[in-house]
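For reference, the chains in residue letters:
6 protein chains.
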Amino acid sequence: MADQQLRIGLPKGSLQQATLELFEHAGWRFSVGARAYFPSVDDPEITAVLLRAQEMPSYVADGVLDAGITGLDWIQERGVDVVEVANRVYAKQGLGMYRWVLAVHEDSDIHSAKDLEGKRIATELVNVAAKYLERHGVTAHVEFSWGATEAKIPDLVDAIIEGTETGSTLRANNLRIVDTLMESSTRVIANQAAWADPWKRSKLENIALLLTGALAARQKVLLKMNVHKDNVLAVIDALPALKKPTISHLSDDIWHAVETVVDQHTLRDLIPELKRRGAEGIIEIPLNKVVA
Amino acid sequence: MADQQLRIGLPKGSLQQATLELFEHAGWRFSVGARAYFPSVDDPEITAVLLRAQEMPSYVADGVLDAGITGLDWIQERGVDVVEVANRVYAKQGLGMYRWVLAVHEDSDIHSAKDLEGKRIATELVNVAAKYLERHGVTAHVEFSWGATEAKIPDLVDAIIEGTETGSTLRANNLRIVDTLMESSTRVIANQAAWADPWKRSKLENIALLLTGALAARQKVLLKMNVHKDNVLAVIDALPALKKPTISHLSDDIWHAVETVVDQHTLRDLIPELKRRGAEGIIEIPLNKVVA
Amino acid sequence: MADQQLRIGLPKGSLQQATLELFEHAGWRFSVGARAYFPSVDDPEITAVLLRAQEMPSYVADGVLDAGITGLDWIQERGVDVVEVANRVYAKQGLGMYRWVLAVHEDSDIHSAKDLEGKRIATELVNVAAKYLERHGVTAHVEFSWGATEAKIPDLVDAIIEGTETGSTLRANNLRIVDTLMESSTRVIANQAAWADPWKRSKLENIALLLTGALAARQKVLLKMNVHKDNVLAVIDALPALKKPTISHLSDDIWHAVETVVDQHTLRDLIPELKRRGAEGIIEIPLNKVVA
Amino acid sequence: MADQQLRIGLPKGSLQQATLELFEHAGWRFSVGARAYFPSVDDPEITAVLLRAQEMPSYVADGVLDAGITGLDWIQERGVDVVEVANRVYAKQGLGMYRWVLAVHEDSDIHSAKDLEGKRIATELVNVAAKYLERHGVTAHVEFSWGATEAKIPDLVDAIIEGTETGSTLRANNLRIVDTLMESSTRVIANQAAWADPWKRSKLENIALLLTGALAARQKVLLKMNVHKDNVLAVIDALPALKKPTISHLSDDIWHAVETVVDQHTLRDLIPELKRRGAEGIIEIPLNKVVA
Amino acid sequence: MADQQLRIGLPKGSLQQATLELFEHAGWRFSVGARAYFPSVDDPEITAVLLRAQEMPSYVADGVLDAGITGLDWIQERGVDVVEVANRVYAKQGLGMYRWVLAVHEDSDIHSAKDLEGKRIATELVNVAAKYLERHGVTAHVEFSWGATEAKIPDLVDAIIEGTETGSTLRANNLRIVDTLMESSTRVIANQAAWADPWKRSKLENIALLLTGALAARQKVLLKMNVHKDNVLAVIDALPALKKPTISHLSDDIWHAVETVVDQHTLRDLIPELKRRGAEGIIEIPLNKVVA
Amino acid sequence: MADQQLRIGLPKGSLQQATLELFEHAGWRFSVGARAYFPSVDDPEITAVLLRAQEMPSYVADGVLDAGITGLDWIQERGVDVVEVANRVYAKQGLGMYRWVLAVHEDSDIHSAKDLEGKRIATELVNVAAKYLERHGVTAHVEFSWGATEAKIPDLVDAIIEGTETGSTLRANNLRIVDTLMESSTRVIANQAAWADPWKRSKLENIALLLTGALAARQKVLLKMNVHKDNVLAVIDALPALKKPTISHLSDDIWHAVETVVDQHTLRDLIPELKRRGAEGIIEIPLNKVVA
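Residue numbers (this note's numbering), protein chains in the order written: chain A, 1 to 292; chain B, 1 to 292; chain C, 1 to 292; chain D, 1 to 292; chain E, 1 to 292; chain F, 1 to 292.
Here chain A stands alone, though its shape is the one from the complex (with noise of 0.2 angstroms):
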């Protein structure tokens, strides 16, 4: 074990997997072994745990961690106060991205927080969902939901708050959307004294640093070809202006090697384009990471 310790939090369930493949890709092994909620990792000055996203927020504010990985959406239901790390991490690929909307059946007489006065809401966010509340100016009755919650309506609950990404689970139930209350997305936290510990802010920036170009490489890959002396300008011209390409002389100094990362997305039309400006040999490279 080594001199210092950086205690991180690492989301169990629905996060879990994705979350342990990033690292892994960052660089960092983890591994759930005979003590299942306390993952090995190659790194001696790591110690992980792994818990629910809705407990992370309140052991790191707590001090129990220095640092975890959870949801926007628990960060404001326990109203912690923390750092946020890197909320460029995730928030850029869509990881974890979800919305948490006010939901009704879609014969309800339900058409704005307006129409809540009264009603039974069940929801997970209970405290986010008394705000809301509150904001519009309306009472009602809200009542923790264990599981489940879209099918309570309407045999059991008059309205939901829900967690959804697409909004399938929710129109598969038949239900209607009728606000949204906050976007939610991944999250890396900090509490204030880790952050304001060096070696610890330094770790944790560093791995934010791999854990971005892991992220970014599952998008990009690297473009290679050859291209005639007189052809380098009209294909430069077609390759994406962000980032100017690598050009290398060949031995024969007639063509040239030009490279560049692109995003993947983009090569169903790039391609042909090259193709058509007189690019030959176009190979494509995957990646691991991508750090600008």
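Worth double-checking, as some hints may not be accurate.
One copy or two, it doesn't matter: identical chains are merged, so the pair holds either way.
[What the hints assert, rightly or not] In silico DSSO-like cross-links for lysine-lysine, where the CA-CA straight-line distance does not exceed 27 angstroms:
(1) K275 to K220
(2) K114 to K131
(3) K119 to K131
(4) K229 to K119
(5) K131 to K244
(6) K275 to K244
(7) K275 to K114
(8) K131 to K275
(9) K244 to K229
(10) K229 to K275
(11) K131 to K229
No lab work stands behind these hints, which were simulated from the structure alone.
Quick caveat, the model's predicted, so the values are computed rather than measured.
Add chains B, C, D, E and F to chain A, keeping to what the hints say.
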């Protein structure tokens, strides 16, 4: 749909499969289909909903449901006023029986409730825990646990209050049981209004009668044998006194057919004994229901 | 191998498992082994082959097989001349029952067979469909569908003729049923030559008798109870009139043992009623076969 | 724990599931839990250990265990002196029966034991093989095979001595059976000391009685029917002579109830015959145990 | 949804998984979701439908779809007039390649097409079979087979015409191949109208280019190495002549970096050879696409 | 089939999957098909057989096989004379590495080899065990264990000699390690005759080269970055000294492209450091093979 309807809640999760099978043996076939939380049933007088055991007490007490199947633990945690239709149904058979205990790490200094002063306790039964602490006159920080409670000692909390059947999960986590807070078992509950309605009460009593009959049959078998008239008294003497066996003369007036319902677990001693006393052609027949 | 051989075809696919289990309950154990389409069976007088239900009628009619199990739909589609050995075997129990319907998109303008003029129809039963159109005097393009027929509306065809048990797949595809072309159910068929052969006919009738006995036993149980002589009439009066119960005097001449075979689904009303009328020690025993 | 303890070994591997199920039907429920090789059992007088069948004979013979269940092959291979408690238990039912054969490639020149001179033979039963060669006066290289023995011909060895139930694995490997060395079946064995101890011997005999009863019940059923007094003789005449059926007068003195235990595999001929002779309301009831 | 739409059919069943993966590598991600037969795709210009390969030719030819992916066998069986967009796409890579053969039992008297006179033949390609018989001037009974065709010999038919990749299923059924009717492979087809539309044609050509690039990359890798200037010629001489390697001077002017795309299966000979010729630091890099 | 053939044995069981995957990465694709123990391979010069690691040494030493992959433990247990082709292949990567230890119950009185006098020991390596006891001058009863060796303490034996990777199975069985007998790892072995044959030796050396290259690539990646000419020295200084990076001027003469192969596990420190020193556009590329 029938004129009259009984709305009952069935427990989702660990008890679901056992409950649906028991109902099938009792004579009601539920099928979980398109609307997953609203199983259909081959009895037009019943409407069912699958709910977490935790949510059942409130929905029954509030009259959203007429009756439900849940655990004594959640009835007490919610502190609701409901009627127990058939506490004997499950209790006698050990189905869904477990106890809630106060547990600590095996090396902990905590040896009684008194030692909890100022400690951090994780549990799903926060109200039961609060009353327990109050009863013992100690003050401690009780936090709701979203699961994996036994893994939180000693890294995250000092003690837990957790349900356990055999204690093996606790032992596997190196925990020591300090005290038992309550014995819980599965209960059929109804609200006062449903119980006061003659039709609903009669329906609930019939359901209880058949559930009891199906449960009893799991442990019992019908034993039949032929006995020479000279040995009848000796054989009958070996049979459990509880219940008079059925004896009929066979056509030849020399042999008697003896049959009786016995507990399955007594057979390994009973059958050799009966054979010794002159019983012949002993056969054991499985039963679907036994209604005393 | 026996002197005489009955060659029968068993349906591969959705009915296979149910058919092999039914035969096992009836007393023939088929095992699907090395030669997958030629299951072995513990009766040297039988040779079996597994075939798609669609292919069965021709192979039976042409005399390649003596008998087979298939659906009425494919018998009619193939238009073959065969003997129905035991149409009552499956029909009464609802095994393999479904109907073929004309279905369109719920928003379609087609409301009767007349509206099919000039439309495109997908179906597996092209001959049945052609006769149906002829009967209604309309002309339409009927094309053979290789599966997933219900998904072809509205993008690929205007209407379909498709088999359905409960209509739920159709509803899930937003289809509306316009008309029912036929009710199909599972049938045991034989060709004329086999039926005219006394040995084969007797063998087929024995098989039918035992299949019927095994099917009947699925829904029935043996109910036994002890009744004081004063209550015997009241108890018997509550039992289904259909079949006389077996009553025997017990040794003491005061109690009678009453037993009778009843439909399982009547028990949830019958048992409480019998208890009210003085029946004691009611037990319910499962049955393997019931041969009237 | 009881005063007296019987230590028995149960076979791990291919016979494990069948053995544990058979014991459950006989009345002992073993559960394989935390200590996987030491299943717990609901009889305080028994301690059990799961062992490979190969290891059982030595552990029983050396007195480490009182009794065990293993195959005759391994008893002979180990050459130990043990008592066979109940060789009839499994043998009659074919459970765990197979034979050890000498097999060669179908094109091999080896046609009898004599042809093995100087050859290479792979087998798990090296001692049995050595005695076999000695008996035939030939010398060959016998090597222990760790598995997949049948695949070693012809690339790695010239012949194998291998256990086989139906010969189908041998045929699938294009092997030809040259000779049969022994028939093996599952045996219950005890050591001499345990057998000389009255309590242990009585315990072992009870276990054997109930295992036999449970095994017998697998192939048998109870057949009940009502017969008019005029037909009783004809019906009884059709029943297996082995065992006298139970006949009782019904209340009306005209009908008799006849019941008897019969082999399940005779039913497909027996039931049609009984019906022809006037039996009515024939029902077949499954059995858990049959103790003669 | 885009202004212009290309409607393509993808093959359901055995080719589905391979086709969707290939498209993903090419740059289009299809997801099979709620409407199972209508996968969504991340290109607003494409609408896709999953269809059995058998049904594809007609739907494309009739203009219900613009293009589709199916086998040459079904194009010929349906006898439709369509354009082959990119027959080289799959064919070169062996994806979906197999041949249709005439097969009989290994002991059959049938040794050529001529011997089929009056025989019974089962096949899925009844039209192809009919033309084949006509070509050979023989008359036989051809019947449509719904599957398991190879098992129908010899009990149900005399010969089959069946697709096979390696012949191993035929051999396992003891069948002998008499003749090969056709080689089939996967094809991208379009109807004449779509091909005449410049936008659709360009879209189809782009898709074909990228599918080809993704398929090519499966078998190729990028090989990089450093070579002293004295060894450059020897190393280059060992590289496949097909394609000029990229050579660049390193900063020190003594070492050159050589890189080239090579077939993966040549590496086990090529790498030892390159090392012998003085290449150092040889690394092999996987590729996503190779566009010549 | 080629003129020359190398016959190699591959280990069946726990190492099988890893070995076949490693060979695929090295360039040989084995497929386990119809003849399960004789995988086919896409190299006509190789014939392969899957064998238990225990059996490999004898088959190689006896010349039945030219070469094989097995563990050092079984080579020593069998005491055979073979050549180690490439002991570095697996050993450096930790694949198949574990040690054989003497273990006893944690409460046992045995604390060194000396304490084994007269004890009962179970193990799979009976010869290695015998030599170990001899070396320590003690006499004990060593018995061959067919598996589950660790469970035999303390009920069946006093000590075991068992292979273990991390010791966790031993700890879970409450065992204590007393001594380590040997470190084992996976080896490629050949017999003397094969090694003396130039063609076979060259073939084996090529295989070893490519296996080594594929194994090395698992832990390494190619790192590329652009560096301003002013920062080149600082960046290069941070790279591992082991291997000179490849540096090339880009077309603009101001930026250099630097690339180098590095150990994957160094990246989480290296990438942040490189960025601090001015490296830009850092990308990490996966590798298939690295041949020094």
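Evaluated hints:
When the C-alpha separation of K275 and K220 is checked against a cutoff of 27 angstroms, the pair qualifies both within a copy, at 20 angstroms, and between copies, at 19 angstroms. When the C-alpha separation of K114 and K131 is checked against a cutoff of 27 angstroms, the pair qualifies only within one copy, where the shortest distance is 14 angstroms, while the shortest distance between copies is 38 angstroms. With identical chains, the CA atoms of K119 and K131 are at most 27 angstroms apart within one copy only, with a shortest distance of 16 angstroms there and 31 angstroms across copies. Within a single copy, K229 and K119 get their C-alpha atoms no closer than 73 angstroms, and across copies no closer than 61 angstroms, so neither meets the 27 angstroms cut-off.
Neither within a single protomer nor between protomers do K131 and K244 lie at most 27 angstroms apart by alpha-carbon distance, with minima of 49 angstroms and 61 angstroms respectively. Proximity of K275 and K244 under a CA criterion of 27 angstroms is satisfied in both settings, with 19 angstroms inside one chain copy and 18 angstroms between copies. Within a single copy, K275 and K114 get their C-alpha atoms no closer than 59 angstroms, and across copies no closer than 53 angstroms, so neither meets the 27 angstroms cut-off. Taking CA atoms no more than 27 angstroms apart as the test, K131 paired with K275 passes in neither setting, with 57 angstroms inside one copy and 44 angstroms between copies.
For a Cα distance limit of 27 angstroms, the shortest separation of K244 from K229 qualifies both inside one copy, at 17 angstroms, and across copies, at 16 angstroms. Taking the shortest alpha-carbon separations for K229 and K275, only the intra-copy value of 15 angstroms comes in at or below 27 angstroms, while the best inter-copy value is 32 angstroms. In the homo-oligomer, the alpha carbons of K131 and K229 never lie at most 27 angstroms apart, since the shortest distance is 65 angstroms inside one protomer and 57 angstroms across protomers.
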